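2 protein chains.
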Amino acid sequence: MQSFNVAILGVTGAVGTRMLQQLEKSDIVVDRLVLLASARSAGQTRIFRGQSYTIEEATTDLFKGIDIVLSSAGGSVSKALLPAAVKAGAVCVDNTSAFRMEPDVPLVVPEVNPGMLSQHHGIVANPNCSTIQMVVALAPIDRQYKLHQVLVSTYQAASGAGQRAMNELFDEAQQRHEGEEETAAILPVKGAEHHYPLAFNLLPQIDVFEDDGFTHEEWKMIHETKKILRGDMNDTELKVSATCVRVPVPIGHGESVYFETNQTPAVPDMQALLAHSKGVVLQDDPAHQVYPQPINAAGHGETFVGRMRADRENPGAYHMWVVADNLLKGAALNAVQIAQELIKRDLVRVPEVTK
Amino acid sequence: MQSFNVAILGVTGAVGTRMLQQLEKSDIVVDRLVLLASARSAGQTRIFRGQSYTIEEATTDLFKGIDIVLSSAGGSVSKALLPAAVKAGAVCVDNTSAFRMEPDVPLVVPEVNPGMLSQHHGIVANPNCSTIQMVVALAPIDRQYKLHQVLVSTYQAASGAGQRAMNELFDEAQQRHEGEEETAAILPVKGAEHHYPLAFNLLPQIDVFEDDGFTHEEWKMIHETKKILRGDMNDTELKVSATCVRVPVPIGHGESVYFETNQTPAVPDMQALLAHSKGVVLQDDPAHQVYPQPINAAGHGETFVGRMRADRENPGAYHMWVVADNLLKGAALNAVQIAQELIKRDLVRVPEVTK
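In order, the protein sequences belong to chains A and B.
Just so you know, the first sequence maps onto residues 1 to 355 in the UniProt record's numbering.
Just so you know, the second sequence maps onto residues 1 to 355 in the UniProt record's numbering.
Calculated from the structure, these hints are not laboratory results.
Just so you know, these numbers come straight off a predicted model, no measurement behind them.
One should not assume that every hint holds.
Listed below are the simulated BS3-like cross-link pairs for lysine-lysine, each with C-alpha atoms no more than 25 Å apart in a straight line [said to hold, decoys possible]:
hint	chain 1	residue 1	chain 2	residue 2
1	B	LYS64	B	LYS87
2	B	LYS239	A	LYS146
3	A	LYS239	B	LYS146
The shape of chain A in the complex, shown without the other chains (with noise of 0.2 Å):
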């Protein structure tokens, strides 16, 4: 069986400590692991597959002979370190919005479009956390049914923005619980002018705002969408729209979902469909109160729908609810599957760079 030599860059996060885990989970047979994280970082140990591996800086230098980067360090860390590890030869599969609408740069959900692969110059995007959850939902209808129309309204967890949120999370909860103030310094966005508690909150913006009152996160949810399923970010016959809220969960992120389709299926045929869909996981039985949660989403690596049922006066529209847990199959799960699809497709090679 091949083996490939790995890096994970940014395994320190609550993204890169799942990489790790998803990576020594798979089948992917690793060669050498390479661990790189921030200045801070380095030198602290973690296990793989029982064996111990000390975490380095990450600089342009380290990428010499690797196969694969699952990298989840931040946009401008992917910006400055991946066209160094392209170079060197590596394909990198990245967490990062920063190469997400770059035409050449495939964005991928296994599930959805693994044919995207192919096109790769050495760099694939991993979707953001709230968009794979509901293409991997919505795909199997559009495919069956074709959708000319999303909306959709999310309830996102805090570790979307990392560690450090869901600490502050459970801080602020638990000053709440003392009586003290809770006292917010991250979110809604790092570096923000203003921050504002998340416990028993809620705070209507997930990244920086756009001229056109959208937010950052609700632009990419409408792009990446149309890129993923009409493989173009400014498709205009599938119509997507978004309004992304944090919610005060850990982890999992929920999304109410509206869509229309060109056609008026029955709905127990798209729940028969979306059952025996590839990552789906069908929990719809209100009648016994079946339905999607995030603490029992948290830790899996499926998406969840339930919840689904026919628009009460517009023929050919559902609304459904899906959840997912954002680090996982929203991230971490979602990159190593990307590896595994390359690997399968014999693609872990950059096309403009012989070895």
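Fit chain B to the known structure of chain A by using the hints.
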């Protein structure tokens, strides 16, 4: 100035407590005050405008001489007691869903449809909390630009299910902190077969499920909105759909509202319209991270609106984010405002009853 004999039914609950407070703050001159609750609470006292009142067990014979009943003791209590109150000559403002869909019972939000009050036969229904804040925000736009479609996803606070549900949320958060298992006993629905923790979780079920897969809460939002804005719970020209989700927030419902109009007004025109609408506070300045949040809305009587923006692809379609204190504008305050409006319009009398 005219004075009134007022009874508050269910005065010990989350809403009833606030009905007493809002009545105290109001300009209503109260002659005699009768506080009613279940047998369990009888004998307790409450202070109102400096005077102590003893709570009595609610029975049908206590409404004699009462002019106004403010009721929030649950649908079955309203059904059992309010007909007797009306017979005794009292006008009842009922916060439960018991009578909302009766054709001869006005369903009123004073800023929106106060004219309906003249049609009462002794009972005026206070709409559901999630409906009230949405129609306060939508009505000015509807009047000016005529709506034909509304899609809402709600983010509803625990207190919508009562004081005990709110306590349960805080208890669960503390149990989680102490590493204990959460002991849910109330949510999602009191008396349901299964109970799930709300702390750090999302529950896509509010009230029981209808046969079509919608919950009764969603059903209420759909039909109440039509009745309030179009005078007919089954109106077909204004399409309404809702997905209702309980979130781990104690007080303050959030709503992601998508609406379509027959015109294409500019967003600043709609913002100006809302800024000058009664009961609305516009909090819409993304550049300075100003938008409605439950922690800021709690304890206030207004409906807060922000994040207004035009849909990027559907002309005449818009998105906004609406937050209000579900116990005040969503319940106790709206009920007291109805009483004030009844007084102003000289409608504190039951047409069929001569005292």
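Consistency of the hints with the structure:
{"no.": "1", "hint": "B/LYS64 / B/LYS87", "verdict": "holds, 9 Å"}
{"no.": "2", "hint": "B/LYS239 / A/LYS146", "verdict": "holds, 23 Å"}
{"no.": "3", "hint": "A/LYS239 / B/LYS146", "verdict": "holds, 23 Å"}
Violation of the numbered hints given earlier is absent; every hint is satisfied by the structure.
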